[in-house]
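Position chain B against the provided structure of chain A, taking the given hints into account.
In order, the protein sequences belong to chains A and B.
Under the numbering used here, think of the first position of the first sequence as 1, with each following residue one higher.
Under the numbering used here, think of the first position of the second sequence as 1, with each following residue one higher.
Check before you lean on any hint, since a few could be wrong.
Unchecked claim - Cut-off 16 Å, straight-line C-alpha distance, at most; resulting in silico cross-link-like pairs (EDC-like, lysine to aspartate or glutamate):
(1) Lys7(B) x Glu37(B)
(2) Lys38(A) x Glu52(B)
(3) Lys357(A) x Glu374(A)
(4) Lys60(B) x Glu374(A)
(5) Lys15(B) x Glu13(A)
To be verified - Examples of chain A residues lying across from chain B (beta carbon under 10 Å, computed):
(6) Arg5
(7) Arg7
(8) Asp9
(9) Ile11
(10) Ala14
(11) Ala15
(12) Leu177
As the list claims (entries may be wrong) - Example chain A residues on the side facing chain B (calculated, C-beta under 8 Å, incomplete):
(13) Leu4
(14) Val8
(15) Thr12
(16) Asp16
(17) Phe18
(18) Phe24
(19) Glu27
(20) Leu49
Hints listed in this document are in silico derivations from the structure and should not be mistaken for laboratory results.
In this text, a Cβ means the ideal position worked out from N, Cα and C, and glycines have one as well.
Given next are the chains, with one letter for each unit.
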Amino acid sequence: MSELRRRVDAITEAADSFRVRAFFTGEKEILEAGKFSKEEYERYLDYLLEDEFRRRLVLGVIREGNGLTIDEIAHRAEFSRLEVIRHINALRYEELAERKSDGLVVAKREEQRKVPYEKIKFIVEGGLCTGCGGCIAACPVYAINFINEKPVIDEDKCIGCGICNVHCPRTFFPISLIRESLKGSPVDVETEGVSFYRQAFTAQTAKEKVKQVCQDGGIVTSILAYLFDRGMIDCAIGVRKADEEWRTQAALVTNVDELLGIAGTKYTVTPSISLLEEVKRRGFRRVAVVGVPCQIHTVRKAEVYSSELLSFLGEIVVLIGIFCMENFGHTALREIVEGRLGVKLEDVAKFNIEKGKFYVHTMSGEERSIPTKEISVLARHACHYCPDLTNELADISVGSIGSSKGWSTVLIRTKRGEKIFEEAMKEGYLIANSLPDAGMELLQKLAKGKRKRNLEALSERAKEGKYATLIV
Amino acid sequence: MIVVRVKCTGRVDVKHILEAIRQGADGVMVVGCHPGECDFGDGNMKARQRVEFAKKVLDKVGLGGDRVNMYNVSAAEIGRFRDAIMDMIEKLKKIGPNPLRG
Chain A
1 MSELRRRVDA ITEAADSFRV RAFFTGEKEI LEAGKFSKEE YERYLDYLLE
51 DEFRRRLVLG VIREGNGLTI DEIAHRAEFS RLEVIRHINA LRYEELAERK
101 SDGLVVAKRE EQRKVPYEKI KFIVEGGLCT GCGGCIAACP VYAINFINEK
151 PVIDEDKCIG CGICNVHCPR TFFPISLIRE SLKGSPVDVE TEGVSFYRQA
201 FTAQTAKEKV KQVCQDGGIV TSILAYLFDR GMIDCAIGVR KADEEWRTQA
251 ALVTNVDELL GIAGTKYTVT PSISLLEEVK RRGFRRVAVV GVPCQIHTVR
301 KAEVYSSELL SFLGEIVVLI GIFCMENFGH TALREIVEGR LGVKLEDVAK
351 FNIEKGKFYV HTMSGEERSI PTKEISVLAR HACHYCPDLT NELADISVGS
401 IGSSKGWSTV LIRTKRGEKI FEEAMKEGYL IANSLPDAGM ELLQKLAKGK
451 RKRNLEALSE RAKEGKYATL IV
Chain B
1 MIVVRVKCTG RVDVKHILEA IRQGADGVMV VGCHPGECDF GDGNMKARQR
51 VEFAKKVLDK VGLGGDRVNM YNVSAAEIGR FRDAIMDMIE KLKKIGPNPL
101 RG
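Isolated chain A, as found in the complex:
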């Protein structure tokens, strides 16, 4: 078959693919919603067409071969290995290709297929939704709202374009692909449990005003303060305490004063990533995102599978990841604090998880605790399918595990994270020592435990057949 015919076949299929067709058909509604301009609409449509075109070229190679390795496909299609893996992940999700037990990739017969990018309602109903808010930021027609700690689709507005599905970290999530693309130099240490990193520190803020408001070492606040002071970001996405009862709200802060007002960890689900939409609406560009692993996953997935749309929303300067064992809905938090510990939520000054215990510090200076094992059943359902404790895909991961009181453990994972952290240190925002081995061992132990437990839960779920997160 001639090269031209191969390309024409691929582009014909691409033009008829679900995503292109859906986005193309929805032009009127998308432009009327006003989130994306005409120019952005056209750029995204172009991006989709090009993306599907290349994906179908890969599919064409897979169809012609009778079981090929990834390297063979990359060679024949003349694409990079990472790009081929990216497309194969998506083709597997779309059920157009499969990977056999011997690792060879084959095409699947096209049967009467389900909609490949179904709206994310099934994720919510299946208890897999992490509540990150990524779908809300991505939806081109404002059809998704966050109600009762979950995204709810307004069926009257929804155009069925499937963008929420593409952005959702729980439909399929290419963790090894992202890891491979973030990693990149001999400096990286690969450690079981905590994944790759360049440097590991135990660190503390050097700013007095941060010390007064921070959770542990005040690292996140200090790094953001440094970025604001140097004019490197226009805004940062985090979480604010919304009321006396510790309900939370995603917060977009635009300067150091606002930043200091939202310091400290909150243990309730918050759709932070939805604020990327506000970044765009308010005309900001450069943004730092602070989040738990599932939220960071969302941004990373968008970087890989929907980079064009992400670029309309904002330019990500740094992703700061918080360690996370599990998270709670507000009702569960109330049950823990009021039911189990006998403290009124509005009397709580600070929460903390340390050495396997969940601590509550009251306004009157009292301290109560409960082993995390006992409250883990109250964690959100979705948390039981998350293998990531140390926020493996962030630029900088921060948490208390492994450091002593008043200090934070910091894993620098990427070059961009390293540069920012070192500069902040040099300019006197932070002090950092290398992480003691005992700290790293503890972190590894806990991270491995979470990974093992939750991967098991995930594979149990996969056996049931439908809708298990595909981690490939």
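Positioned in the frame of chain A, the structure of chain B alone reads:
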């Protein structure tokens, strides 16, 4: 030349246009009503949008977007119809025959 009659140009899909080219047609000419005169509301506008998209697709693989064109001609405008055909022929002469044929 093959004439495909449709009740409304709104019936023409990108897929139809591309399939014609794939099977070796030199060009596809979509002839519909004037804007605002669609019996069904906006069939002709949809057709125009699809033709524009098909052009983009053909350009991407180097077949030439000008192989596909939309003309608005009402049933009474014989002169305009002739001009449209001449225009189409001119454009196709410039691009040359479809390399997928033969």
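Hints and how they fare:
no.: 1; hint: Lys7(B) x Glu37(B); verdict: 14 Å, holds
no.: 2; hint: Lys38(A) x Glu52(B); verdict: 15 Å, holds
no.: 3; hint: Lys357(A) x Glu374(A); verdict: 9 Å, holds
no.: 4; hint: Lys60(B) x Glu374(A); verdict: 59 Å, violated
no.: 5; hint: Lys15(B) x Glu13(A); verdict: 9 Å, holds
no.: 6; hint: Arg5; verdict: 6 Å, holds
no.: 7; hint: Arg7; verdict: 5 Å, holds
no.: 8; hint: Asp9; verdict: 7 Å, holds
no.: 9; hint: Ile11; verdict: 5 Å, holds
no.: 10; hint: Ala14; verdict: 8 Å, holds
no.: 11; hint: Ala15; verdict: 5 Å, holds
no.: 12; hint: Leu177; verdict: 26 Å, violated
no.: 13; hint: Leu4; verdict: 6 Å, holds
no.: 14; hint: Val8; verdict: 6 Å, holds
no.: 15; hint: Thr12; verdict: 5 Å, holds
no.: 16; hint: Asp16; verdict: 5 Å, holds
no.: 17; hint: Phe18; verdict: 13 Å, violated
no.: 18; hint: Phe24; verdict: 6 Å, holds
no.: 19; hint: Glu27; verdict: 7 Å, holds
no.: 20; hint: Leu49; verdict: 7 Å, holds
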